[in-house]
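So the sequence lines, in the order shown, correspond to chains A and B.
If you read the first sequence in the working numbering, its first letter stands for residue 5, the second for the next number, and so on.
If you read the second sequence in the working numbering, its first letter stands for residue 633, the second for the next number, and so on.
In case anyone wonders, no lab produced these hints; they're calculated from the structure.
Here a beta-carbon is modelled for each residue, glycine too, at the ideal position from N, C-alpha and C.
Do not rely on the hints blindly, as some may be mistaken.
[Claimed, not checked] Where chain B lies over chain A, by a calculated footprint (3+ residues, C-beta under 8 Å):
{"id": "1", "segment": "36-48"}
{"id": "2", "segment": "162-173"}
{"id": "3", "segment": "246-257"}
[What the hints assert, rightly or not] Taking CB as the label site, the calculated pair distances span:
{"id": "4", "chain 1": "B", "residue 1": "682", "chain 2": "A", "residue 2": "261", "range": "26 to 36 Å"}
{"id": "5", "chain 1": "A", "residue 1": "129", "chain 2": "B", "residue 2": "758", "range": "51 to 61 Å"}
{"id": "6", "chain 1": "B", "residue 1": "848", "chain 2": "A", "residue 2": "39", "range": "48 to 58 Å"}
{"id": "7", "chain 1": "B", "residue 1": "755", "chain 2": "A", "residue 2": "253", "range": "26 to 36 Å"}
{"id": "8", "chain 1": "A", "residue 1": "26", "chain 2": "B", "residue 2": "723", "range": "24 to 34 Å"}
{"id": "9", "chain 1": "A", "residue 1": "130", "chain 2": "B", "residue 2": "723", "range": "35 to 45 Å"}
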Amino acid sequence: MSAVASATAAPDQAPTRRLQTHRVILVLVALALIGMAIAFGRWDWLPRYGPRLWSGLLMTLAMLAGSACLGFLLAVPLGLVQVTGPVWLKVPAQAFCTVIRGTPLLLQLWLLYYGLGSLFPSIPEIRTSFLWPYLREAWPYGLAALTISFAAYEGEVMRGAFAGVPAGELQAARAFGMSRGQTLRRIWLPRALHRALPTLSGETVLQLKSTPLVATITVVDLYGVISRVRQETYLVYEPLLLLAAIYMILTAILVLVFRFFENRIPTRGH
Amino acid sequence: MIDWSLLALDPPGWGGVLLQGLFATLQIAIGGYLLGAVIGIFGALGKLYGGPVTRDLMEVYTTIVRAVPELILILILYYAGTDLLNQLLGLVGWGPVDISGLAAGIFVIGVVQGAYSTEVIRGAIKAIPPGQLEAARAFGFSPATVLRRITIPAMLPYAIPGLANLWLIATKDTALLAVVGFSELTLVTRQAAGTTKSYMLFFLAAGALYLAVTLISNAVIGMVERRSRRGFARPG
Chain A
5 MSAVASATAA
15 PDQAPTRRLQ
25 THRVILVLVA
35 LALIGMAIAF
45 GRWDWLPRYG
55 PRLWSGLLMT
65 LAMLAGSACL
75 GFLLAVPLGL
85 VQVTGPVWLK
95 VPAQAFCTVI
105 RGTPLLLQLW
115 LLYYGLGSLF
125 PSIPEIRTSF
135 LWPYLREAWP
145 YGLAALTISF
155 AAYEGEVMRG
165 AFAGVPAGEL
175 QAARAFGMSR
185 GQTLRRIWLP
195 RALHRALPTL
205 SGETVLQLKS
215 TPLVATITVV
225 DLYGVISRVR
235 QETYLVYEPL
245 LLLAAIYMIL
255 TAILVLVFRF
265 FENRIPTRGH
Chain B
633 MIDWSLLALD
643 PPGWGGVLLQ
653 GLFATLQIAI
663 GGYLLGAVIG
673 IFGALGKLYG
683 GPVTRDLMEV
693 YTTIVRAVPE
703 LILILILYYA
713 GTDLLNQLLG
723 LVGWGPVDIS
733 GLAAGIFVIG
743 VVQGAYSTEV
753 IRGAIKAIPP
763 GQLEAARAFG
773 FSPATVLRRI
783 TIPAMLPYAI
793 PGLANLWLIA
803 TKDTALLAVV
813 GFSELTLVTR
823 QAAGTTKSYM
833 LFFLAAGALY
843 LAVTLISNAV
853 IGMVERRSRR
863 GFARPG
C-alpha cells in the first residue's frame with residue numbers, strides 16, 4: 005500500500021501525510037457503508053444457506069479450474085496450427101476462434117444446453133452409451149461452453165505467443181540438429197508459454213467472471229444459490245451484495261496467486 | 633429436416649422477431665458504448681489530473697467493476713438504478729415511473745463499459761508525447777482548450793485498438809440483459825426456440841447475426857485504424 009501511495013504521490017509532489025489522511029477517511033467511509041449494510045440489511049438467512057453457499061462456491065471453483073485447464077490444453081494446439089499448420093488445420097482453427105469470439109457466451113451456452121440437449125435424446129446410440137447419465141445433467145454443457153470459450157480466447161493469445169518467438173532461436177535449434185518435434189518441445193513451446201503467461205492471469209479472471217452464466221442452465225453454482233436465496237426470501241440487495249463481495253475476494257486471490265507465480269519466473273528486466 | 637420457413641420475416645415465421653431483437657441489441661450496444669466512452673474520458677481525466685480523493689474513487693470504481701462478474705453488476709445496477717430513480721422521483725413528489733428496459737440497459741452497459749474505457753483512455757493519454765501538451769500550455773491554451781484541441785485528438789490513435797475491442801465486448805455483453813428479461817436478440821431467440829422447439833435452428837441463426845455484427849465491425853475498425861495511423865511511422 006505504501007508503494008502505491010508513494011508512486012501516486014510522486015508526480016504532483018503532494019505531501020505523503022495528506023495522502024494517507026484522505027485514504028484513512030476513505031477506508032473509514034467504506035467501513036461505515038459496510039457496517040450500515042450489515043446493521044440495516046437482513047442477514048438472518050445466511051446461516052440457513054451456509055452449507056449450500058459453500059457447495060456453490062466449490063461448484064464455481066470447479067467450473068473455473070476445469071474449464072481453464074481443459075481450455076488451455078486446447079489452446080496450445082489451436083495457436084500452434086494457426087502459425088505453422090497446414091491449410092486444412094489452419095483455416096478451421098481460425099474459423100473456430102473467430103466464431104467463438106464473435107458470439108456471446110450466453111448464446112453458446114444455450115445452444116449447447118437447449119440445442120444439443122434436445123437433439124441427444126432422439127439419438128438411440130447416445131441414449132445407450134455410458135455417457136448418457138452425464139449428458140442428462142446440466143454441468144457437462146456448462147463446462148463444455150466455458151472450455152470452448154476459454155480455448156478460443158487463449159488460442160488467439162497462443163497464436164501471438166508462438167508467432168512472437170524470435171526466428172533466430174528456432175534457426176539456432178535447427179542448426180544444432182534438432183528435429184522439428186524436438187525444436188517444438190525444447191524451444192518453441194517453452195518460449196511461447198513464457199510469453200503467454202502474463203496474459204493468463206487476466207484471462208483467468210475473465211473466465212471467473214463468466215462462470216455465473218452456467219446458473220442460467222440450472223447448474224447450482226454460487227450465483228445459482230444466491231438466485232435461490234433471492235427467490236425464497238424476496239430480498240433484492242443483500243444476497244447480490246454478498247455475491248459481489250465474494251467474487252471480489254476470489255478475483256483478489258486469483259490475482260495474488262498469479263502474481264506470486266509470475267514473480268518466480270525469471271524475466272529480463274525492462 | 634430443417635424447416636427454413638420458421639425464419640420467415642412474417643408472423644408465422646420468427647425472422648422479423650429476431651431482427652427486432654437484433655435492433656434492440658444494437659441500440660443498447662451503441663448507447664451503452666457511447667455512455668461508457670463519455671464516462672471513460674472523465675474517468676481518465678479524473679485519474680490523471682484529479683485530486684487525491686477523485687483518483688482513489690476512480691480507482692475504486694474501475695477495480696470493483698473489473699472484479700465483479702458483469703451479470704451480477706447488471707443485476708445490481710438494474711435493480712439499484714431503477715430503485716434509486718423512483719425514490720428520487722418520490723422525494724420530488726412524482727409517482728414511481730416504469731423505467732424503460734432500453735434506458736436501463738444502456739445505463740448498466742454504459743457503467744460497465746465506462747470502467748474499461750477509463751483504463752484504455754488513461755493509457756492513451758499517457759502515450760501522448762508530453763512535449764505536445766507542454767507546447768500547448770506554453771502557448772497559453774486553457775486546460776479545456778488543451779483537452780479539446782490536443783489531448784483528445786492526439787490520444788485517439790493510441791486509444792482506437794482498445795476502444796474497438798470494447799465495442800466488440802459491448803455487443804456481446806448486451807446478451808446478459810436477457811437474464812433480467814430485456815427482449816434483446818438472445819432472449820427473443822430463446823423464446824422463438826422454446827415456442828417452436830427448433831432450438832438448433834434459432835440459436836445458430838442468432839449466432840450468425842452476432843457473428844455478422846462482429847465481422848462488419850472488424851472491417852470498419854480496420855478502416856478506422858488505418859486512417860487514424862496515417863502520418864505515423866511504420867513500426868519496425
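- Item | Hints violated by the structure (numbers, ascending) | 1, 2 and 9
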